[in-house]
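Enquirer: Residue numbers (the numbering used here), protein chains in the order written: chain A, 1 to 110; chain B, 111 to 220.
The set of hints was computed from the structure by calculation and includes no laboratory data.
These numbers come from a predicted model, not from an experiment.
Don't be surprised by glycine CBs; every beta carbon is placed ideally from N, CA and C.
Wrong hints could be hidden among the right ones.
Stated by the list, open to error - If you want a taste of the chain A side facing chain B, the calculated C-beta under 7 Å gives, among others:
| # | residue |
| --- | --- |
| 1 | Gly43 |
| 2 | Pro44 |
| 3 | Tyr46 |
| 4 | Arg94 |
| 5 | Lys97 |
| 6 | Phe100 |
Claimed, not checked - Here are some chain A residues pointing at chain B (derived, C-beta under 8 Å):
| # | residue |
| --- | --- |
| 7 | Gln42 |
| 8 | Asp95 |
| 9 | Ile98 |
| 10 | Ile99 |
| 11 | Lys102 |
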Amino acid sequence: DAKTTQPTSMDCAEGRAANLPCNHSTISGNEYVYWYRQIHSQGPQYIIHGLKNNETNEMASLIITEDRKSSTLILPHATLRDTAVYYCIVRGNRDDKIIFGKGTRLHILP
Amino acid sequence: SQTIHQWPATLVQPVGSPLSLECTVEGTSNPNLYWYRQAAGRGLQLLFYSVGIGQISSEVPQNLSASRPQDRQFILSSKKLLLSDSGFYLCAWTGEAEAFFGQGTRLTVV
Chain A
1 DAKTTQPTSM
11 DCAEGRAANL
21 PCNHSTISGN
31 EYVYWYRQIH
41 SQGPQYIIHG
51 LKNNETNEMA
61 SLIITEDRKS
71 STLILPHATL
81 RDTAVYYCIV
91 RGNRDDKIIF
101 GKGTRLHILP
Chain B
111 SQTIHQWPAT
121 LVQPVGSPLS
131 LECTVEGTSN
141 PNLYWYRQAA
151 GRGLQLLFYS
161 VGIGQISSEV
171 PQNLSASRPQ
181 DRQFILSSKK
191 LLLSDSGFYL
201 CAWTGEAEAF
211 FGQGTRLTVV
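Here chain A stands alone, though its shape is the one from the complex:
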């Protein structure tokens, strides 16, 4: 079973920041938080991951709470092409399986 809970869907206006929450209250000390997204009819795309510090790359920022029980993925300037299902996944070492939950369906509104 997935170790995370996410809202089923969210809307965001084009050009605004999209903030996608994820709860992972049972996360272990060695487990990372990963975010992927799946655009319709394509394979999932890696976005970002982090352990406890906030992370930023060219796609997004990841904010992890101090107690690590939740995190937020931030797409700073959402575009229509960001419409996708976003998955938050908790995973420890490299031999841990990647189990997908239901994710959040993000709709970017023009």
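Following the hints, complete the assembly by docking chain B onto the known chain A.
Expert: Leaving out everything else, chain B in the frame of chain A:
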């Protein structure tokens, strides 16, 4: 750089026919390999997981099997397809941190 190849992109097969989907990875060694299935409008279900040559873990009972004849090759097979085997099949690999997915094979069993 690491790449993952999955083919074919689409496939239409009659009920009772055999199936062979192939996935190969480049640019890495000893990857963990996965096969997922996504039914229409549903989430990603983990089917098989492999941490090495000849080592296959089956996650759900089903009409499918997987093999890993080489370090960077993962094959999904069926001797006799069922209508319920229709779906979007994805191969993935993981290293120490990131995970990468193929572009998927859309299988329609008729």
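Enquirer: Now look at each hint and say whether the structure bears it out.
Expert: Cross-check of the supplied hints:
no.: 1; hint: Gly43; verdict: 4 Å, holds
no.: 2; hint: Pro44; verdict: 5 Å, holds
no.: 3; hint: Tyr46; verdict: 5 Å, holds
no.: 4; hint: Arg94; verdict: 5 Å, holds
no.: 5; hint: Lys97; verdict: 5 Å, holds
no.: 6; hint: Phe100; verdict: 4 Å, holds
no.: 7; hint: Gln42; verdict: 6 Å, holds
no.: 8; hint: Asp95; verdict: 6 Å, holds
no.: 9; hint: Ile98; verdict: 6 Å, holds
no.: 10; hint: Ile99; verdict: 6 Å, holds
no.: 11; hint: Lys102; verdict: 5 Å, holds
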